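What follows is the residue order along each chain.
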Amino acid sequence: MSDEKPPRDSPEIKRLSLVLGPGHTYGSVTDKISAIVLTRPTSLGWFIGFAISFSIVGMLTVALGWLITKGTGIWGINIPIGWGFAIVNFIWWIGIGHAGTLISAILFLLNQKWRTSINRFAEAMTLFAVACAGIFPLIHTGRPWMAFYMFPYPSTMGLWPQFRSPLIWDVFAVSTYGTVSLLFWYVGLIPDLATLRDRAIKMPMKVIYGMLSMGWRGSARHWHRYQSAYLLLAGLATPLVLSVHTIVSFDFAIGIVPGWHTTIFPPYFVAGAIYSGFAMVLTIAIPLRKAYGLEDFITMRHLDNMAKVMLATGLIVAYGYFIEFFMALYSGNKFDVFLVQQRLHGPYAPFYYALLLCNILTPQLLWFYKMRHNVAVLFIMSIVVNIGMWLERFVIVVISLTRDFVPSAWGRYSPTFWDWATFIGTMGLFVMLIFLFVRVLPAISIAEMRELVAETSEEEK
Amino acid sequence: MAQIFHRSTNFIARFSVFSALFLIGLALIAVLAVARSPYMTRQNFTREQPVQFSHKHHVGDDGIDCRYCHTSVETSAVAGIPPTKTCMNCHSVLYNNASYLEPVRESYRTHKSIEWVKVHRLADFVYFNHSIHVNKGVGCSTCHGQVNQMPLVFQANTLLMQWCLDCHRAPEHVLRPKDQVFNMDWKAPGNQAELGAKLRVEYKIRTTEELVSCSTCHR
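Listed in order, the protein sequences are those of chains A and B. Numbering-wise (our numbering), the first sequence opens with residue 1 and increments by one. Numbering-wise (our numbering), the second sequence opens with residue 1 and increments by one.
It is possible that part of the hints are untrue.
Which chain B residues face chain A? A few, computed with CB under 10 angstroms, are given here [claimed, not checked]:
#1 Ala35
#2 Thr41
#3 Thr158
Example chain B residues on the side facing chain A (calculated, C-beta under 8 angstroms, incomplete) [to be verified]:
#4 Ile4
#5 Leu32
#6 Val34
#7 Arg36
#8 Ser72
#9 Leu160
#10 Asp166
These are computed hints drawn from the structure, not numbers from a lab. Since we're looking at a predicted model, the values are computed, not measured. Just so you know, even glycine gets a beta-carbon here, dropped at the ideal spot from N, CA and C.
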């Protein structure tokens, strides 16, 4: 394939390297972003999209209602496969969330300007993904109303939860993650909510945004405190990017099941999480910038950078797959070797090959400049990668459980209608929340974009 | 431009944040308190029985031993509810015309058991054995309270799992010499810590790890 990159000093590459389209002022940035929420009439497309996702949420409600009525027997799980879709989907969703935190916290601390226009909706995406993820561990317990048992509260049993169990670590990791992400997102929103309050035309809007902005006046003291709070939260959120999926990987790695009990799991899970997260950010960013004409704010430079992050994390994931194989063969542990054979030739081998195709082969296209700058290719690839990452979790959960130590304990797993209804239902929930978010809150941080205007105009001088 | 919010809104906002936190905290404490309250545990509630049998009279005043009626307490998981025949051992001659005891005589004539109301009800998933406790020096009154002072029996303790574990974690606080097990008025002596530790060794009571293991009680 030809990889014709324009010369470094050409006007085209200069334009492409911008993180903000040319000719923007404080006013134009504010106008453009706040108009999406305040003045632009809601488009027919929004209503259609919202209606579709809302009806999928209806299906989710039915699926959850039926689950609570009948119990987990409506799913395809049965011994030996006690973990089916619920765990696969949980890990998939929680992984997707990671990109938001990485963009908002780590890239902030590393002073990466290109994070500015994507951090807000990436953080929102994190929150919604965590919300979707949180449903699954709750319902997979079978008796979700007993879930409070997992919290260390002074119970009448005189017992604490089993702190040596990764399930309890999960509760702490995910709830901390959800809380910090929410705080981070909300603190970042406060100046923008004040902008919306000041620009709102109708009184109820003024009151609602006014209450949400918590009396923000934009004084120097406010900004000073805001920036320290934001920096502190970024510092708090940074370790979470690594810790949450590490702990999720411990759910597996602590167990002795072949294919789970490996030390490569934490780093490779974290890389996989960021990989799928960036894919999801692209899946959302590309239609968003198109629908609302935000090409000046979410530029090709952003898409290009995100594609590069995907490529890098994708390679780490590929390395993880390789090491899993290598360690099985190198250790000569017969159960591990057998598991490798099962992945390659067992009943679920097609899933494994599909996974390799989606997660390792396809992203290699991102080495090419032309591919990274082709919006359609990026969009399709982001979806392929998300499918691939879902398959990865399916392969890990299902192949290991269906083929463990004793042949008499082997089994098969296939999801039922209710498994699919719940999974697709959470996708509906995610999309619906995104639609609502775009409609009622500024999808791009207005305050930070204004800062960017100042910084870029200084650079031009 | 006129202000949207009056000055007082600042106070209302702060006040509602603090009161929300306060109310949530209060609600949590209330839930935890209710779970331990006699309302939930049925502690200290006397139960209406088919015949208002007084343990105070029979044990306290007459000095009848527990095992006269609860015959299997030393050998079996359940202490045993006496058959009507046990009552009639005495009541065929004592108060044999009292109308108060007519249900007992009726039961004796018709061979239909008196349906006593169970006072100490453990959850079905708990395996409890009276004999092991009695034989290892845990007295009746440790769990049942001073039954010799109860005109109608009530549950003297919470029967919460926490309460079971309190003893299983440190049984030496309640262990008695074997001849004191059925003594309703036994009080821990001053040197109980020393005595308990000695008895614990003497009775070959298992380690605390074994006593609090899940499957000791949930089999």
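Evaluated hints:
no., hint, in the structure
1, Ala35, "5 angstroms, holds"
2, Thr41, "8 angstroms, holds"
3, Thr158, "8 angstroms, holds"
4, Ile4, "5 angstroms, holds"
5, Leu32, "6 angstroms, holds"
6, Val34, "10 angstroms, violated"
7, Arg36, "6 angstroms, holds"
8, Ser72, "29 angstroms, violated"
9, Leu160, "4 angstroms, holds"
10, Asp166, "7 angstroms, holds"
Checked against the numbered hints given earlier, the structure breaks hints 6, 8 and satisfies all the rest.
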